[in-house]
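Chain B: place on chain A using the hints.
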Amino acid sequence: MRSEAQIIELLVEKYGVERDQVSPDAVMLDMGLDSLSVAELVFDIEDLFDIVLMEEDVDFSTFGDAVALVDRHLESKDP
Amino acid sequence: MSPRDVVITGMGFVTPHGDNADTVFERVFAGESVIRRVRSGREQLAGDVLLGIADWHPHEDVMPIQKVVMDPVAQMATVAARRALTQAGLLDEERILGNAGIYMGCGVGGAETNEQAYLAYHTSDVRRAKPTIVPRIMPSAATAHISMGFGIRGPSTPTPQRAPLRPRRWVKPSVRCAMGT
Chain A
1 MRSEAQIIEL LVEKYGVERD QVSPDAVMLD MGLDSLSVAE LVFDIEDLFD IVLMEEDVDF
61 STFGDAVALV DRHLESKDP
Chain B
1 MSPRDVVITG MGFVTPHGDN ADTVFERVFA GESVIRRVRS GREQLAGDVL LGIADWHPHE
61 DVMPIQKVVM DPVAQMATVA ARRALTQAGL LDEERILGNA GIYMGCGVGG AETNEQAYLA
121 YHTSDVRRAK PTIVPRIMPS AATAHISMGF GIRGPSTPTP QRAPLRPRRW VKPSVRCAMG
181 T
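Protein chains in written order, with our numbering: chain A, 1 to 79; chain B, 1 to 181.
Bound conformation, chain B alone:
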């Protein structure tokens, strides 16, 4: 094993294909599509949309008060992170997690919050944003919540998909929690 090798010890999913590696890969490699036609319920946007729906419940990992400052993307990332850490056997390993880092591919951040803000602005008299819009939208929100939630105190960054995985001047952590949205 070379110093450049990466060992994946746990994987967590919140996807329309399932919530664990076996199910997700089995359905993906079988070519199963999970895209459905769904009524958006918002006439201002569109009647029907094509999308995949993940069956997930954040209640065990995210307290109701936390949802005030967490877009669903951050909630899903927290749920997936817990599943990955559980599979890796690291959930209660405070010392290891304290030195671990988080690398997350995140292109947009809290898209649902963003959409709701635009919807309110263009379809009502609302001309202001609520205080929590920034912590809900910012691309680093998910990594921040995972870091705080699981005590991961090493380098934490939401990297664009094509950015290098090792930021300059940072100490390289021995354990990384890699995410993607």
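Extracted from the complex, chain A is given alone in its bound form:
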């Protein structure tokens, strides 16, 4: 959960998501993000954490999916 707080902050500040909407099972589309916004979010997260997410690995269906993927990248980058 290394990335959780920063991703929540990004969702709240840039994407207008209500903080209490965010939970591990929260579906991105239900939080108001459409497919284009999710694509933008992937780019924002790459910039924020200085990581590169491969298209085939990206599963941002839920908030928990996004956090888990980013945490895996952070772990391999800086164990």
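A hint or two may mislead.
Using 25 Å as the maximum straight-line C-alpha spacing, the simulated SDA-like pairs for lysine to any residue come out as follows [as the list claims (entries may be wrong)]: (1) Lys67(B) / Leu10(A); (2) Lys130(B) / Gln6(A); (3) Lys14(A) / His57(B); (4) Lys67(B) / His73(A); (5) Lys14(A) / Pro79(A); (6) Lys14(A) / Met63(B).
Computed footprint of chain B on chain A, listed as stretches where at least three residues anywhere in the stretch have a Cβ under 8 Å from a Cβ of chain B [what the hints assert, rightly or not]: (7) 36 to 46; (8) 49 to 61.
Not everything, but these chain A residues come out facing chain B in the computed CB check (under 10 Å) [unchecked claim]: (9) Met31; (10) Gly32; (11) Leu33.
It should be emphasised that the hints constitute simulated quantities derived from the structure, not laboratory data.
Ideal Cβ positions, reconstructed from N, Cα and C, are used throughout, including at glycine.
Okay, now just chain B, sitting in the frame of chain A:
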């Protein structure tokens, strides 16, 4: 009244001179300049710039999530359109708006997004554009958002200032929402 006559029933503004017709025209005809010297805050561009600043707040018309895909020019156009439709009494007239069209004079599109993209490219290591850059920059963005936001489903086009106002082969709508940036 001839078939060529145009009746203006509502006007909406987002300008440094004000947000309604009375205020804007009063200040313009009084010769009041709103151009100020402003610190750009960007040393890469310039120290000072001369510009007019509009006091506007998109919060009522544009949700935060929409701003992700909307350059400020599209946000301002949406705010101005709502003000014009409100003055015209058309805001809730679904049937009329469904047959209305949008003509918008737009020369550049999302200039701020364009500027930020160039700034990032030339002053950082960023060598890519984000996915939303196209819907934010494209000149038709403002008309598209107004169309979707207010249910205006007739002909919608961002016309260059000197282009004819009636595109060929299109059915001429009886109500038009004319914009300019």
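**Q.** Violated constraints from the hint list, given by number and in increasing order
**A.** Violated: hints 4, 5 and 8.
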